[in-house]
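*Asks:* Residues per chain are reported as follows:
2 protein chains.
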Amino acid sequence: MFAEAEADPTLSKDEFKALETRLRVGLLNAQYERLRQADKTLLVVVAGIDGAGKGATINLLNEWMDPRHIRTLAYGPREGDELDRPPLWRYWRDLPPKGSTGIVFGSWYTPLVIEAVRKKPNADAIEAHAAAIMRFETMLASEGVQIVKLWFHLSAKAQKERAQRLLASPETAWQVSPVDMKVNKRFDRIRSGAHVVLNHTDCGHAPWVVIPSADENMRTARTAEAVLTALRRRGVPRLPPAFVAHSSTTRIVDRLGKLDYDAKVEKEDYESELGLLQGRLALAARSDKFKDRSLIVVFEGQDAAGKGGAIRRVTHALDARQFDITPVSAPSSEELARPYLWRFWRRIPRHGRIAIFDRSWYGRVLVERVEKLIPPAKWRRAYAEINDFEEQLAASGALVLKFWLAVTPDEQLARFREREKSPFKNFKITPDDWRNRDKWPEYSAAANEMMMRTDVPHAPWHLVSANDKRYARLQVLRHIVEAMENQL
Amino acid sequence: MFAEAEADPTLSKDEFKALETRLRVGLLNAQYERLRQADKTLLVVVAGIDGAGKGATINLLNEWMDPRHIRTLAYGPREGDELDRPPLWRYWRDLPPKGSTGIVFGSWYTPLVIEAVRKKPNADAIEAHAAAIMRFETMLASEGVQIVKLWFHLSAKAQKERAQRLLASPETAWQVSPVDMKVNKRFDRIRSGAHVVLNHTDCGHAPWVVIPSADENMRTARTAEAVLTALRRRGVPRLPPAFVAHSSTTRIVDRLGKLDYDAKVEKEDYESELGLLQGRLALAARSDKFKDRSLIVVFEGQDAAGKGGAIRRVTHALDARQFDITPVSAPSSEELARPYLWRFWRRIPRHGRIAIFDRSWYGRVLVERVEKLIPPAKWRRAYAEINDFEEQLAASGALVLKFWLAVTPDEQLARFREREKSPFKNFKITPDDWRNRDKWPEYSAAANEMMMRTDVPHAPWHLVSANDKRYARLQVLRHIVEAMENQL
Chain L
1 MFAEAEADPT LSKDEFKALE TRLRVGLLNA QYERLRQADK TLLVVVAGID
51 GAGKGATINL LNEWMDPRHI RTLAYGPREG DELDRPPLWR YWRDLPPKGS
101 TGIVFGSWYT PLVIEAVRKK PNADAIEAHA AAIMRFETML ASEGVQIVKL
151 WFHLSAKAQK ERAQRLLASP ETAWQVSPVD MKVNKRFDRI RSGAHVVLNH
201 TDCGHAPWVV IPSADENMRT ARTAEAVLTA LRRRGVPRLP PAFVAHSSTT
251 RIVDRLGKLD YDAKVEKEDY ESELGLLQGR LALAARSDKF KDRSLIVVFE
301 GQDAAGKGGA IRRVTHALDA RQFDITPVSA PSSEELARPY LWRFWRRIPR
351 HGRIAIFDRS WYGRVLVERV EKLIPPAKWR RAYAEINDFE EQLAASGALV
401 LKFWLAVTPD EQLARFRERE KSPFKNFKIT PDDWRNRDKW PEYSAAANEM
451 MMRTDVPHAP WHLVSANDKR YARLQVLRHI VEAMENQL
Chain D
1 MFAEAEADPT LSKDEFKALE TRLRVGLLNA QYERLRQADK TLLVVVAGID
51 GAGKGATINL LNEWMDPRHI RTLAYGPREG DELDRPPLWR YWRDLPPKGS
101 TGIVFGSWYT PLVIEAVRKK PNADAIEAHA AAIMRFETML ASEGVQIVKL
151 WFHLSAKAQK ERAQRLLASP ETAWQVSPVD MKVNKRFDRI RSGAHVVLNH
201 TDCGHAPWVV IPSADENMRT ARTAEAVLTA LRRRGVPRLP PAFVAHSSTT
251 RIVDRLGKLD YDAKVEKEDY ESELGLLQGR LALAARSDKF KDRSLIVVFE
301 GQDAAGKGGA IRRVTHALDA RQFDITPVSA PSSEELARPY LWRFWRRIPR
351 HGRIAIFDRS WYGRVLVERV EKLIPPAKWR RAYAEINDFE EQLAASGALV
401 LKFWLAVTPD EQLARFRERE KSPFKNFKIT PDDWRNRDKW PEYSAAANEM
451 MMRTDVPHAP WHLVSANDKR YARLQVLRHI VEAMENQL
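Chains L and D are the protein sequences, given in the same order.
Under UniProt numbering, the first residue of the first sequence carries the number 1, and numbering increases by one thereafter.
Under UniProt numbering, the first residue of the second sequence carries the number 1, and numbering increases by one thereafter.
Careful, some of the hints might be misleading.
Any copy, or any two copies together, can satisfy a pair, since identical chains are not distinguished.
Stated by the list, open to error - SDA-like, lysine to any residue: derived pairs with alpha carbons at most 25 angstroms apart:
| id | residue 1 | residue 2 |
| --- | --- | --- |
| 1 | Lys182 | Lys469 |
| 2 | Lys120 | Ala337 |
| 3 | Lys13 | Glu268 |
| 4 | Lys421 | Arg24 |
| 5 | Lys421 | Asp66 |
| 6 | Lys289 | Arg321 |
| 7 | Lys267 | Glu15 |
| 8 | Lys372 | Ala132 |
| 9 | Lys182 | Asp319 |
| 10 | Lys291 | Asp81 |
Rather than coming from a laboratory, the hints here were simulated on the basis of the structure.
My request is simple: use the sequences and hints to build the entire structure.
*Replies:* Below you can see the structure in the form of structure tokens.
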């Protein structure tokens, strides 16, 4: 795997010149073609031996390509706000739009590499890191984010000589970092760790390319070539089937059909109970223990099921500085230029805070499925993607609660009519709502399947009977309060 | 000013019902009209006495208006990343787009209010806070961000009674915060502080409205009315002349004309000097003292003056994790929906980091002026706005350095021709470049005026002769290195 790179091949000035024009013209044309198509992002992951000249990739690509459409994304250890979110959060946050190229330093490979080059690497940890990376990259690949990964490599001898050469003159000595000096002593361990990393994570849709780096001309040419090959690659990547789709054939339970829609609460009981639950919620949200956790609440349900009213009963108990409400409707152009989960990743709260989603990422398996906005393969795959997303949220300290507010067709009809009659509620009812209503069975089937495939202990679904608004609001508050009190 | 509010007026249930329909229909229609026009953002600043029910505004507006186009922006004390930037940074960062409405809690008034209600307020500090607020709001108003400020007020007696009433029952006691309890003891001081705040910052384009808050119906109706009035207000606000335009009539110095364009550096001297300067830059950027500062470098200059090459010589000395390059071209739709400085505020680095702008906010007084993309009043005003912006950056610990790379028309022509001939540089030359070239005198005049009006000690302009690329690159590096070494 590293044999060629450790032979430290070189490229003469003339050979390089002969290649340069072709590569530069090729890169520019391919880049502009990408911009025109605007259907894919390219991420160039930069990794490899320290002191192999990885950093030069930034200047190379910025000089040889049109720098207005390149973004450098460089990361150190997680810090500040990043520690409150899942490790992958910062990479999601910074994803460049389709048509553009990102150069990634300090990527999601760092924890895996660190583990793999330890004296005694933990095989389970390596497997777990690698599996998480594969899930992430497969998800990106299937959503139009192409990845090419460069491993800059050279022989131990060349690495040492390079450092010594640079150190010999004050004009270049500053280019050698303390880390570069340590590499040589641990070269064998680093190489065998790199073997493990590359073997575990090389795949057709996100391949590794080893760049021989001892000679600057060779390194430059091979880097440009690898990026050019990636840019020219067309078509949809073939994804490993295990990551692709939900394949379970379990019978789907009709949870919506089995619900008791007659549940109701009298007005006096409601007022008193509401105040007490809000008081408990206020207390829990202000508690010291909540400072290390966050709360994410998802509201889904039929149109006119009362999501807005339920949300206001929750926010009434909260300090304005503590929560954000994200109403979800059709994605903006900025959002369409990224994988569908991007716009939700951006809204993940830091610790001590609460994010409320009025509709959510579940639109993928509801409206996008029923209205055939995406091919079936995409929503079938989405259950696993969403489970993975929520697992990451929960692992980072978020309480994730999901509510489906359920009304019967009759009750919805009554509310639609009432809205139409009200001079200040008719804005809430659109032709879309009537059209959706015509697809009641399809939406119900999608909701039932969604609840079956994504009702998990760390992010449970609460199916709430909402024909009676008071009952629904109390149920929502009660579930939130109990979850917080149990967990804090 | 507070007489009406302290009379604690009430609105009966019937009176309220009579108003409600008109207000709700009015708010919705006005909101949709705003969305259609999409030429203004409305910010509703929420302030006033604690325990007057300010928080209810969020639920009110989210219930009575279409919540998909409302954003709640709530702030506590500055923390984390916010401390590395100017105090106004977070408000800029979160500005909602034109067409939408933001509700602001914990606004830019907090420091002024805190000062004004102290036992012995400092008059100078009050003046300074108020002046900064006026500059900010005037800038926003002139860029399509309308502001209405609500002061929720009630009598000391009503404030006390409200707290006691709520405390009497466990269903409502949680609504009273410890702060609410303290208000009563200091009521007179708070009222006189509020007087000062409102008097200093009430103006036609960003008025204060006092909301009588003892009675919930009254508070709701008056809040809705104030927002409705603001939404219905049409036309461009009249701005106080002092904030509007640069009125100096000083003769403009022809700095570009007086430059020595023959300055050059030989190749051997260049290589050695470049390495040494890069080494000093690397050292300064890694120094502990830089952890409390940031560096912002702006590059402007004629087309083909060599900005990209100069930038790469700077970034070569830096760790990828430490800098961001922002290439500036025509604004996106997202950026056009906000004041022109917004997209630059978003890219302000935190401490320990470096932001490089390849073209910048100076486009306002260069291309936008020369190409008549904006009326003269806008670019005339921009000098003061930009000076204010950079002063805030410097005050927050940023080193701000600005470079104009200057070439002669002949040299530019030679570079254009060379670019046209090169198969991998011709992408850099467009019909626009030739058109700009035809307006050489206009661009030079704009650049000279810009340098005169915005060359300030805390954010100096360096005019660099760039007919010789080597000379220009060393000059740029030298200025950056010296500024860092002097300041750290």
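*Asks:* Hints first: check each against the structure and report whether it holds.
*Replies:* We went through each hint and held it up to the structure:
no., hint, in the structure
1, Lys182 <-> Lys469, "neither (66 angstroms within a copy, 37 angstroms between copies)"
2, Lys120 <-> Ala337, "neither (42 angstroms within a copy, 55 angstroms between copies)"
3, Lys13 <-> Glu268, "between (87 angstroms within a copy, 19 angstroms between copies)"
4, Lys421 <-> Arg24, "between (65 angstroms within a copy, 14 angstroms between copies)"
5, Lys421 <-> Asp66, "between (57 angstroms within a copy, 17 angstroms between copies)"
6, Lys289 <-> Arg321, "within (17 angstroms within a copy, 33 angstroms between copies)"
7, Lys267 <-> Glu15, "between (85 angstroms within a copy, 24 angstroms between copies)"
8, Lys372 <-> Ala132, "neither (30 angstroms within a copy, 53 angstroms between copies)"
9, Lys182 <-> Asp319, "between (51 angstroms within a copy, 18 angstroms between copies)"
10, Lys291 <-> Asp81, "both (13 angstroms within a copy, 18 angstroms between copies)"
Against the hints set out earlier in the document, violations occur for numbers 1, 2 and 8.
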